[in-house]
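Engineer: Residue numbers (the working numbering), protein chains in the order written: chain L, 4 to 510; chain P, 4 to 510.
Quick caveat, the hints were computed from the structure, so don't treat them as lab data.
Only a predicted model underlies this, so the values are computations on that prediction, with no experimental measurement involved.
One thing to keep in mind: the hints can contain errors.
Any copy will do: because identical chains look the same in the list, a pair fits if it lies in one copy or spans two.
[Unchecked claim] Here are the simulated DSSO-like cross-link-like pairs (lysine-lysine), alpha carbons at most 27 Å apart as the crow flies:
1. 64 with 99
2. 467 with 99
3. 64 with 18
4. 453 with 349
5. 13 with 64
6. 321 with 226
Protein chains: 2
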Amino acid sequence: MQTTEKTQPKLLKLKKRLSEINDLEAAASLLYWDQATYMPPGGAAARGRQLATLQKIAHSKFTDPAMGELLEGLRPYEETLPYFSDEASLIRCTRKNYHRAVQVPAEFMGEFSEHRTQTYSVWVKARATNDFAAVRPYLEKTLDLSREMADFFPGYEHIADPLIDFADYGMKVSILRRLFSQLREELVPIVEAITAQSPTDDNCLHQRYPEEQQLDLTLKVIKQMGYDFERGRQDQTHHPFMINFSTGDVRITTRVDQDDLSQALFSSIHEMGHGLYEQGIRRDLEGTPLACGTSSGVHESQSRLWENIVGRSRGFWKFFYPQVQSYFPSQLGNVSLDAFYQAINKVQRSVIRMDADEVTYNLHVMIRFDLELMMLEGRLQVRDLPEAWNERYREDLGVVPQNDSDGVLQDVHWYTGQIGGMFQCYTLGNLMSAQFFEAAVTEQPEIIPKIEQGNFSTLHNWLKDNIYQHGCKYTAAELIKSVTGTALRIDPFIRYIRQKYGQLYML
Amino acid sequence: MQTTEKTQPKLLKLKKRLSEINDLEAAASLLYWDQATYMPPGGAAARGRQLATLQKIAHSKFTDPAMGELLEGLRPYEETLPYFSDEASLIRCTRKNYHRAVQVPAEFMGEFSEHRTQTYSVWVKARATNDFAAVRPYLEKTLDLSREMADFFPGYEHIADPLIDFADYGMKVSILRRLFSQLREELVPIVEAITAQSPTDDNCLHQRYPEEQQLDLTLKVIKQMGYDFERGRQDQTHHPFMINFSTGDVRITTRVDQDDLSQALFSSIHEMGHGLYEQGIRRDLEGTPLACGTSSGVHESQSRLWENIVGRSRGFWKFFYPQVQSYFPSQLGNVSLDAFYQAINKVQRSVIRMDADEVTYNLHVMIRFDLELMMLEGRLQVRDLPEAWNERYREDLGVVPQNDSDGVLQDVHWYTGQIGGMFQCYTLGNLMSAQFFEAAVTEQPEIIPKIEQGNFSTLHNWLKDNIYQHGCKYTAAELIKSVTGTALRIDPFIRYIRQKYGQLYML
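I would like the entire structure built from these sequences, with the hints used as guidance.
Structural biologist: Now the structure itself:
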């Protein structure tokens, strides 16, 4: 980042403080990564304490009144700078985070954080034993705390708005309700038309695929797609995630199911999408709050763009499928490209969000979004949540979970976070992914034929130039507007779904 | 640890502060572990910064004047407690560390730390290219800084004493010189008698041993020896080490040479010895400065006890050798137990300390110890060090390194630490290992036959009860006296060497 540190000692001071906080947060992230990958069980108790300590120190350094004074002191200078200059963006973004951080008392943060840790461990058992009652009192307290949290940000239109704002800055219930209802209207008839047909045969994916070969394959695929192993690595975890400790060290994890080829493959590509975003951020933003993805929705747009729009496209498999066949000749030697392509894009009414196809996925998200709002508004009690959940699945997807483990207990979000603001990013990500991809292809139509040749750099470079490099200098709304020319809208996604699934299911 | 926190709020405050500092140090250790094991190359720059930040914060929290006030305020309470009670020991040990930490200005620490980092990277290249001249100016500065460091602790008998004290509290040049010269007098004739014979054939160790099987074997061996994998793990690094993040998470690393069976095997057992010490510390000391080994020498005594006294004994291999043969039938099927036992205990005049046998090893250490002292005393210039090094090897070991890479550049210590206090712990460890083992076997003679049956728990329990559990509650001198009944002395080691090598070489 270009600086005028000599003339602006306050800016230098700000950056020094931010860099120190960033180092503490990076260390906390590594503690978390290690916990999920290699830590022996005996390390758990101390690790929880160590993580809490680092987070507490980072938080107290960030909310130090001296930080507020520095930011205030920089206001006159900021006003002389172009709005999107690096320095103005740094000050603006830091100020946004600072105000958010000081709004919530440290004591409350501590209480909530401890409650979340407890709730998570109760949930792990409750899900394994199908025992919603065990976790219910915890979830009730989570709901209370989520409401309290929102109330630290008075003046909201809807009580969920401040909670949504944490993950997707600038988003609100009123905007989301409109987007989601338009989307729902378009999707429901497509789902009906597809599921009226006889189900796609995806047995080819459910054979024995040895772990080692699957891992080897995922590494080969994501390397070719552009993931930089000099600045990253892939390990195995129970729940795949992306995490970074600097722009030079952006790691992903994956999960292998030896009886399902699609698990490791698509989770690797998904996390790689998150990883490409973080690897693509300008190196000179490192150590500042600008060096991260700009919102959960935009982050998810990149994982979904690479996983679905690219990774489940016919062109992609035209290139990669012969290699997959040579990895697994006995399993796939007699399966045609088209049969494989259909299998990985099978649309069905199902109960598990994580395994849902592109067409039904957003319906799963909307169920959660609506239930979150109802609970926050006081229109739904936690004790009635399982029934409401199942009822919505019956109505919206025509299927009912066999038990709460596959129903209301399936997602970790409410049990490790808050109620409110936890799910909208998935649908936002899907919508954005299509809108970004359409803009990319409009500008550079060769992207599509290049993918068929296993060349991903045209697309990758376009994304780096237009999205990744900026980190969070632009908000999601600013980015979408500047990159695609319009605000976020549903039609690129609907066009994408209509075209792809129209062909697949001959609608 | 039992506490009287209610009546002693100052003690509670002290523990809270210490626990926070401990968490920061543990996080820094994990950053280091990751750097040495899994970090992609791109992470290096930021990692250096992150490590420095954590160390700086931990140091500034520990040297906070409030810490000194708390320690002073606890003095009257401490005087009411038994000297070796947990609480008195905690206060005493913290005070010792505190005075050491505040004695050195933070600015000097920062300068020295940065200089060490630079020197290390210059040394890596210099060793690879056999270019002592490249690293010479750095080493000259290290010598200056080492002297300055010592001068922060005025009143010493010898300028190296404060530096030795960091690693081996209570040790001094005057004591070490006496011990080392006695030891030397005993060892030289033994080395001469052995090396007058025709050299042992150790070709059986230098065959092709595939990495995967070697790693598998090391895991099996150290598991049987008592290393707890629920509270530890083994990974690969260039230079093996032990590191811990809590008493519940004590990790070791090893290095495999596919053309030398002894590398991974003995480095695993060596690091396991360090690991057993840390795993054996009382769990309720965790988070306090008492939860660590009491000195470098005592730590080394445990790695050497398990590696050499146990791991290179005939009884040990009577049990394990058939298993090793079944791992490597083509390499060792026709090699007898005795031939293998002789090979792993081959005594020879050599130039590399790390590969030296038990008999000559201490002669290597003494060369370094003497040269350190001469440099600190101003009797040897850094520019004359390579010549002095080679001359001492000629005199003491009858061999001369072919080049500086195998000579004065071979050990990392001076290039990443200071000059002074870096090597005595190895010989102290060897002496202590024999003294401790002799005490153990005198008390429980069944230890020896049990080892032959692959049962290590009698020895392990004795070490836990007598040494490990206490952490650093007792100083090295206190521990040796209380466990063995006398001060540190050379005769148990000499007895051990005479007996073992007398048999091996029929002296």
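Engineer: Evaluate each hint against the coordinates.
Structural biologist: Here's how the hints hold up against the structure:
1. 64 with 99: Classified as within; 16 Å inside a copy, 29 Å across copies.
2. 467 with 99: within (25 Å within a copy, 54 Å between copies)
3. 64 with 18: Close inside one copy (13 Å) and across copies (22 Å); limit 27 Å.
4. 453 with 349: Result: close within a single copy only, 25 Å intra versus 62 Å inter.
5. 13 with 64: Both: 16 Å inside a copy, 25 Å across copies.
6. 321 with 226: within (17 Å within a copy, 49 Å between copies)
In this structure, every one of the numbered hints holds.
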